[in-house]
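There are 2 protein chains.
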Amino acid sequence: MVGQVIQIRQNDGKAINQYFCRMNTEIINIGNELLIGQVINTNAAWMASKMSQAGFAIRLVSVIPDDPDAILEALAAAESRSEIVLVTGGLGPTKDDLTKETFCKYFKTRLVFHEASFEDVTRIFSNRGIPMSELNRKQAEIPESSTPISNKNGTAPGMWFEKTSSDNRKVVFVSMPGVPFEMKPMLENSVIPMLKNIFPSRSIVHRTILTQGIGESFLSDILESWELKLPGFITLAYLPQPGLVRLRLSGTGDDPLSVREAVDAEVKKLYTIIPDYIYGEEEDLLEEIIGKMLTDRGATLSTAESCTGGYIAHLITSIPGSSGYFKGSIIAYSNEVKSGELNVKETDLVTYGAVSEQVVIQMALGVQKKLSTTYSIATSGIAGPAGGTNEKPVGLTWIAVAGPSGVQASSFLFGENRERNIRKTALEALNLLRKQMLDAGC
Amino acid sequence: MVGQVIQIRQNDGKAINQYFCRMNTEIINIGNELLIGQVINTNAAWMASKMSQAGFAIRLVSVIPDDPDAILEALAAAESRSEIVLVTGGLGPTKDDLTKETFCKYFKTRLVFHEASFEDVTRIFSNRGIPMSELNRKQAEIPESSTPISNKNGTAPGMWFEKTSSDNRKVVFVSMPGVPFEMKPMLENSVIPMLKNIFPSRSIVHRTILTQGIGESFLSDILESWELKLPGFITLAYLPQPGLVRLRLSGTGDDPLSVREAVDAEVKKLYTIIPDYIYGEEEDLLEEIIGKMLTDRGATLSTAESCTGGYIAHLITSIPGSSGYFKGSIIAYSNEVKSGELNVKETDLVTYGAVSEQVVIQMALGVQKKLSTTYSIATSGIAGPAGGTNEKPVGLTWIAVAGPSGVQASSFLFGENRERNIRKTALEALNLLRKQMLDAGC
Chain G
3 MVGQVIQIRQ NDGKAINQYF CRMNTEIINI GNELLIGQVI NTNAAWMASK MSQAGFAIRL
63 VSVIPDDPDA ILEALAAAES RSEIVLVTGG LGPTKDDLTK ETFCKYFKTR LVFHEASFED
123 VTRIFSNRGI PMSELNRKQA EIPESSTPIS NKNGTAPGMW FEKTSSDNRK VVFVSMPGVP
183 FEMKPMLENS VIPMLKNIFP SRSIVHRTIL TQGIGESFLS DILESWELKL PGFITLAYLP
243 QPGLVRLRLS GTGDDPLSVR EAVDAEVKKL YTIIPDYIYG EEEDLLEEII GKMLTDRGAT
303 LSTAESCTGG YIAHLITSIP GSSGYFKGSI IAYSNEVKSG ELNVKETDLV TYGAVSEQVV
363 IQMALGVQKK LSTTYSIATS GIAGPAGGTN EKPVGLTWIA VAGPSGVQAS SFLFGENRER
423 NIRKTALEAL NLLRKQMLDA GC
Chain L
3 MVGQVIQIRQ NDGKAINQYF CRMNTEIINI GNELLIGQVI NTNAAWMASK MSQAGFAIRL
63 VSVIPDDPDA ILEALAAAES RSEIVLVTGG LGPTKDDLTK ETFCKYFKTR LVFHEASFED
123 VTRIFSNRGI PMSELNRKQA EIPESSTPIS NKNGTAPGMW FEKTSSDNRK VVFVSMPGVP
183 FEMKPMLENS VIPMLKNIFP SRSIVHRTIL TQGIGESFLS DILESWELKL PGFITLAYLP
243 QPGLVRLRLS GTGDDPLSVR EAVDAEVKKL YTIIPDYIYG EEEDLLEEII GKMLTDRGAT
303 LSTAESCTGG YIAHLITSIP GSSGYFKGSI IAYSNEVKSG ELNVKETDLV TYGAVSEQVV
363 IQMALGVQKK LSTTYSIATS GIAGPAGGTN EKPVGLTWIA VAGPSGVQAS SFLFGENRER
423 NIRKTALEAL NLLRKQMLDA GC
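Which chain is which? The protein sequence lines are G and L, in order. For the record, in the first sequence the residue sitting at position 74 is 76 according to the working numbering, with numbers rising by one throughout. For the record, in the second sequence the residue sitting at position 67 is 69 according to the working numbering, with numbers rising by one throughout.
Calculated from the structure, these hints are not laboratory results. These figures come from a predicted structure and were not determined experimentally. One should not assume that every hint holds.
[Said to hold, decoys possible] Listed below are the simulated EDC-like cross-link pairs for lysine to aspartate or glutamate, each with C-alpha atoms no more than 20 Å apart in a straight line:
(1) L:Lys371 / G:Asp350
(2) G:Lys394 / G:Asp350
(3) G:Lys372 / L:Glu348
(4) G:Lys371 / L:Glu146
Extracted from the complex, chain G is given alone in its bound form (with noise of 0.2 Å):
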C-alpha cells in the first residue's frame, strides 16, 4: 500500500520526515465552550497523537458550534476531501439530541433503541446508586444505520458510520462523546483497532527515551554522527520541555517484527552513547522513578529547599505510596532558618552566602541528620526575576545530594524566568540523586 511522508518541523526549524498510511483524515470537535475559549481543546492535540503514532495523518482539525446547520455543513465538507471522519462532542445527556438528529438527518436514517448500550447506561447508574431518568433512557437510542461503540465510561455510546461518497470513495465517520475520559479509551481501545482493520497501513513503531541534564543543541551535538547513521526507515524527533528533552524513533516497514528490532537496536546504541541523561522512557516521570529507586534499596529521603520553595517535595508527594519512602523537608526559604533548622553556620552564611557551595553543602547533611534518613536533596539559587547580582546574576543555582557515600554539589546556570528555574532545578536535583544512588550500585 502506497502510503505518504510528511515533513515535520521541529523547533530548532530541523525538518524531518514521517510516513504516514494514505488516508486522509480530519478531526471535528464540537462545542461552542471551545470557541469562547472556555476551555482549551486538548483533545484535539492527545487524538491526533495517537492517531499519528498508528499512521494516520491528521490533514485538519475543526472546531464548530453546536449548531446543527454548522455540523451539517462541516460533515459535507469533510466528505468531500477526507477518509476518516473523527468527530467529538455534542453527546452529553443535554446536548445529546441535537447531535444524533443532525447525524439521522445527514445519514438519512432514524432513531433507534439499542438494547447493549442501555445495559451500559443502566449498568452505570446502578453502579452509581442513582435513579435513571427519561432522558438517560433516550441516551440509548442510536441512528438505524450506526454501528454503536460502546462507552465504558460515560452514558452516551459511539457512533461509526460509512457513507460512500459521490466521487465513490468509502469514508468512515465516528461520532465520540468530548469528555475526555469518556472518548480517550474509546478511541484507543475500539476506534484505532477497528480503523487499522479497514484501512491497513504499513507497521509504525515508536520508542519515546526520555533525557534530562542537557540542552537540546548540545544533545544534537552529541548524537549528530549516531543520527546521519540512522537507517532510512527511522525517524528522529527532539521534544524539548522545561528541564528535559523527549526523544522519538519512529520505525516503519511491512513487518512489524523487524521494525521492533531495529528500533531497539537504535535505542540500545543510544543508551551507550548518553548514558547519564537518559532516566526513562515514554510516560515515566522522574519522581515516580526515584520513588522506586528507593523503595527498592529500603531507601529513605528529605528534601532541605529554599529557592524551591517546597516543589522537590510536592513533585515527591505527587506519587501514591511516597509515604512509603519520603519522610519530610526543611523548607527553609529564609536565612534564619537554614541556621535555626538546618545547623548552617551563621559565618558561612555571612562569608559566602545563602547561594553557595558551602551552604547548600550543610543544608543537605543538616536534614539528612535531622530527619535521619538515607538520602537528601537541598536546593539555594537566585530564583527571580529580581534579586540577582553582577557575581550571582538570577537563574545561579547550587544543588547538593548527600547520601551514604557522602555529599556531591553542583552549580547551574539557568534563565530568567522564576517558573522555569524552580522547574528547571528541581528536575536537575532528581536527576543527580539518581545517579549518585546508581553510583552507589546498591
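Please build the complex by placing chain L on the supplied structure of chain G, with the hints as guidance.
Then chain L, alone, in the frame of chain G:
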C-alpha cells in the same frame, strides 16, 4: 448595529445567551506540529477568549498543515463565509518564505522590503548581542498590499490584508506569528483595536469574580434569586476549576458607561451575598493576595504540611518577592517528623491519628513557634488513592491556621483524586488564612 446572540452551554447543562458582533470571525492555525499532537493548540482558546470578550464570536477554528495548497484552500474557504480571518503560524525564520509567498499568491501581490520592520528585527538582534543573517533580513520583507503590524517580541511582523469577496463583502485577513508570546500582545494591543475600529460593535463589559470554598451547585442555589433578577443585558457564567469557581458577568449595550455601571452594581450586590467566598477578581491568584496582605501587615508565614507535601509552600514561593514574608516550612510527611520537629504529642498521634483536629492544631502551633512567624498553616489528610478507612475515608482533610488571635481548625471531605485533593486542600487553606487575617481586622 444588529448583532447575534449565541447560546453557550455550561458544565451543568444550563444554557446562557451571549451577545456578539454580527461579523463572522474565524481562526486558522497553521502548523504540522499541531496536527501530530506534538503541541496543544492553546493559541486558539486564548484568541477565542480575547475575541469573544471584545464582542467578536468565533464561528470556526481550523488547524491546517504547513502546506501552500492547504493554506490557499483554507483562505478561500474562509473568505467565502467570514468577514474576519485570523491566521497564526508559518512566520518563523525557517517557515517564513512559504507562508509569505503563499499569501502573495493568494492576494496577487509581491514581497517588498519594509524599513520599519527591519528596524524592529535589527533592534532585537542588537539587544541580544547576536549578529544578523541574510535570513533575518528577509523577515523584514512583506507583501506589498499588506499593512505590517509591529512585532515587539520577535523578528517577523504581522500582516493585515483587506479584500472584497466575490459576493461583495469586505473581508479582513490578519496573519500573526504562531509563538504565543509574540502573537498575544500583537492580537491584544494592535489587532483587536484595529478590528474594533473597522467593525464597530455594541459595548461589552466583563467582570470576573473569583470564589473559593463553595462548589458550583451550592453557589448557584445561593445566587439563584439574585441571578433571576439580573437585567436582560447582563449574563452570568459559572466557570469552575478544581478548588474554585469563577463567576463572569457580561453586560452588553450601546452606552459603555451605563453598562459598566450596571455590571458594577450587580457585582456590589454579589459581594454582600457571598462576602466570605470572594477572594479576588479577574486574574488574581490567592497566593498573591495572601502575599500582599502579609506584606501590608508586616506579618510572616510558615507552613507545616503533611498531605499537601510542600504544595502550599510551592504556591507561596511561586510569587516573586515571597522571601519578604515567607520564612519556610516543615514538611512532616512521617509521624516521626510530626513529633520530632513539630512537637506533636506521640500519644495524640496514637489516640486520634495523624489526620485529626488535635494533631493538625499542634502542627500549626509547632511550626509557628519554631520558625517564629506571625501566621502558620498546617494540613493533614488522606490524599489517596490508598490509605482510607471506613472511619477516615480518602479525601478527609484537616486544616489549621494559627495567628495572633489563636488557632482554628476545620475538616473537609474532598474526592478520590490525589492531585485534586492536594490542590483543593491548598486553596482551602490559603482562603482560611485570608479570612483569619480579615477577621483579625489588622
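Violated hints - listed by number, lowest first: Per hint list: 1 and 4 violated.
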